[in-house]
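Peer 1: As a plain string of letters, each chain reads:
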Amino acid sequence: MFKRVLVANRGEIAVRIIRALKEMSIESVVVYSEADRDSMPCDMADDKICVGPAAAASSYMNISQIISAALVKKCDAIHPGYGFLAEDPHFAEICESYGVNFIGPSTEAISLAGKKAEMIEVVKKKKIPVVPGSHSVCSDVESAKKAAARIKYPVIIKATAGGGGKGMRRADKEKELARAFEITRSEAEKAFSNSDVYIEKFLDSPRHIEIQIAADREGRMVYFPERDCSIQRNHQKVLEESPSPKISKKLRRKLGEAAIRIAKAIKYTTIGTVEFLVSKNDFYFMEMNARIQVEHPITELVSDIDLVKLQVALAAGEKLSLRQDEIEVFCHSIECRINSEDENFIPSAGRISRIVLPGGSGVRVDTAVRQNSEISPYYDSMIAKLITYGRDRPEAILKMKRALNELRIEGIRTNIDLHKKILENENFCRGCYSTGFIANMKEEVR
Amino acid sequence: MKKGINKITGGPADQQGNRAGKNQKCKSKVKGPSALFDSTELKEFLALLNGTDVVEFEYGDKGVHIVIKKESVGEIIGDEMSPARDALRKKYRIKSSVVGLFHLVENDIPLCSVGDVVREGRRLGWVDSMGIQKEIVAERDGRIVSIFCNDSGVVEWGQDLFEIEDV
Chain Z
40 MFKRVLVANR GEIAVRIIRA LKEMSIESVV VYSEADRDSM PCDMADDKIC VGPAAAASSY
100 MNISQIISAA LVKKCDAIHP GYGFLAEDPH FAEICESYGV NFIGPSTEAI SLAGKKAEMI
160 EVVKKKKIPV VPGSHSVCSD VESAKKAAAR IKYPVIIKAT AGGGGKGMRR ADKEKELARA
220 FEITRSEAEK AFSNSDVYIE KFLDSPRHIE IQIAADREGR MVYFPERDCS IQRNHQKVLE
280 ESPSPKISKK LRRKLGEAAI RIAKAIKYTT IGTVEFLVSK NDFYFMEMNA RIQVEHPITE
340 LVSDIDLVKL QVALAAGEKL SLRQDEIEVF CHSIECRINS EDENFIPSAG RISRIVLPGG
400 SGVRVDTAVR QNSEISPYYD SMIAKLITYG RDRPEAILKM KRALNELRIE GIRTNIDLHK
460 KILENENFCR GCYSTGFIAN MKEEVR
Chain R
1209 MKKGINKITG GPADQQGNRA GKNQKCKSKV KGPSALFDST ELKEFLALLN GTDVVEFEYG
1269 DKGVHIVIKK ESVGEIIGDE MSPARDALRK KYRIKSSVVG LFHLVENDIP LCSVGDVVRE
1329 GRRLGWVDSM GIQKEIVAER DGRIVSIFCN DSGVVEWGQD LFEIEDV
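Top line first, the protein sequences correspond to chains Z and R. When we follow the numbering used here, the leftmost residue of the first sequence carries the number 40, and every step to the right adds one. When we follow the numbering used here, the leftmost residue of the second sequence carries the number 1209, and every step to the right adds one.
Chain Z extracted, bound-state conformation (with noise of 0.2 angstroms):
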């Protein structure tokens, strides 16, 4: 097992990183920005070292003095989090190099993850269905034009190197697909050094259904009960609950024998996440994410397990002794991501002058903030995630209710009226939604 572990990120996935490794009596080292130097991550970690200015490209993105960090601070290990270098198989390759264990899938299997049209060859060989598509990299507006219209509009178009909403834009007629393939290009190099886009059909009302695996390294492997993450704003998510109320027990083995199917054609190991696009009974690939992801804390309570420490352990080389029949649906779990954005979804950024956690039976809160935290304008405007798990879903329904009510942050804008929106909504409750959830919301949210 590991002896010391950098902690390659920051905020809240930092904290939870720290909390596993502590649990696991694995000396921490956590890297911050000087923007981050008073942050909760560095009073917990038992050690700490700043890797460069505010900026994460001068810091939490560069790879130089992350490994730098590693190697001075004699670590065996370095534990990316997620978002940042989490999934750059650059970044894990000279991890490797340097001897510096990653604790992720192999580079291999990450750079593969990353690489959307030629995850969907891998998909389709397998004979699981993919959303229709370019299926390749489309090089120029004109082969995009071209692929649009074999599919047929609305499409979307999307970043090969994408992920977590970002690197997305949609087309509903020809005239308007120069424009969003040019920004897309630009917003993918920008945020991905890749430029590389391909298109999609634009599916209408899905749900984005997600499944966690974890794997060793000797193909072992079993799937977790699915997330449901169709609340998003901007392809981004906003709340996520597990297990979807509209999946069925046949769909979800379905689902989750698909993800194993495709996690063992990439030889993936330790965890990840594959995402389906769902429309009824039909379930389409979307991409692989070879990462922790931020909403796994509702698979942690529906199945009882700590998921950050198996990372590391199967990381480190344990064999996985999880049978897919011990996983069972303990609860029903509720995520709202509380963002510092205000009611134009525009991110705000200030001191946090007063907060008042929720608590009580069935909340976890996870979050590196707290009062005179500095929300800059650095980061992911995400700065609490709340949980709330009960014996069904009107339980964790009803406690998601009475936490957001207990939840106080002042001093800057959140989202927390939102989540109320969404919590009091028919048909939110009666779990009827999709994908334009929000978007059809926006008038009432405003």
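No lab work stands behind these hints, which were simulated from the structure alone. Treat the hints with care, as some may be off.
Each computed PhoX-like pair below joins lysine-lysine, with the alpha-carbon atoms no more than 25 angstroms apart [what the hints assert, rightly or not]:
no., chain 1, residue 1, chain 2, residue 2
1, Z, K154, Z, K164
2, R, K1303, Z, K112
3, R, K1303, Z, K113
4, Z, K112, R, K1251
5, R, K1342, Z, K113
Model the placement of chain R on the given structure of chain Z, informed by the hints.
Peer 2: Frame of chain Z, contents of chain R only:
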């Protein structure tokens, strides 16, 4: 005090009531048999003088010539040891721009030490970051006031390495 005092330079009257005149001076030598003081009295007189702002005392009478002068401890204002002058002297700090191991010693010889006067561009040390050596050089002429890290010490981004004052 017996008569014969002909020069006193100083401020207001001393304890004996002697007042300094404008152009009077005292010197520090004593010549001839001391008809003015015996040794005990001399010591007492010197102690007395010390408590005043008289800086010179000269006495001469019938072969006895006494000059007592207080040594100046030197002017504070404008001296190199002056805190005021120190504050005016510009200082700057060299910080590490990388994470790595700081090196000050090369081939068992320190590249610099506290107190060294260095010229602009002088190599002071380096930080080894993943095998790449990031040279640390003086930004301008100055004297090394502090070295904040030991040789082979771990440094983080932004950590102070040297403080140098202008000369």
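Peer 1: All hints are to be evaluated individually against the structure, with a verdict given for each.
Peer 2: Hint by hint, here is what the structure shows:
1. Proposed proximity of Z:K154 and Z:K164 is supported: the alpha carbons are some 16 angstroms apart, at most 25 angstroms.
2. Our distance criterion of 25 angstroms between C-alpha atoms is met by R:K1303 and Z:K112, whose separation comes to about 19 angstroms.
3. The straight-line distance between the Cα atoms of R:K1303 and Z:K113 is roughly 23 angstroms, inside the 25 angstroms bound, and the hint therefore holds.
4. Under the criterion of a C-alpha separation no larger than 25 angstroms, the hint pairing Z:K112 with R:K1251 is inconsistent with the structure, at around 68 angstroms.
5. Using a Cα cut-off of 25 angstroms, the hinted pair R:K1342 and Z:K113 holds, with the two alpha carbons roughly 20 angstroms apart.
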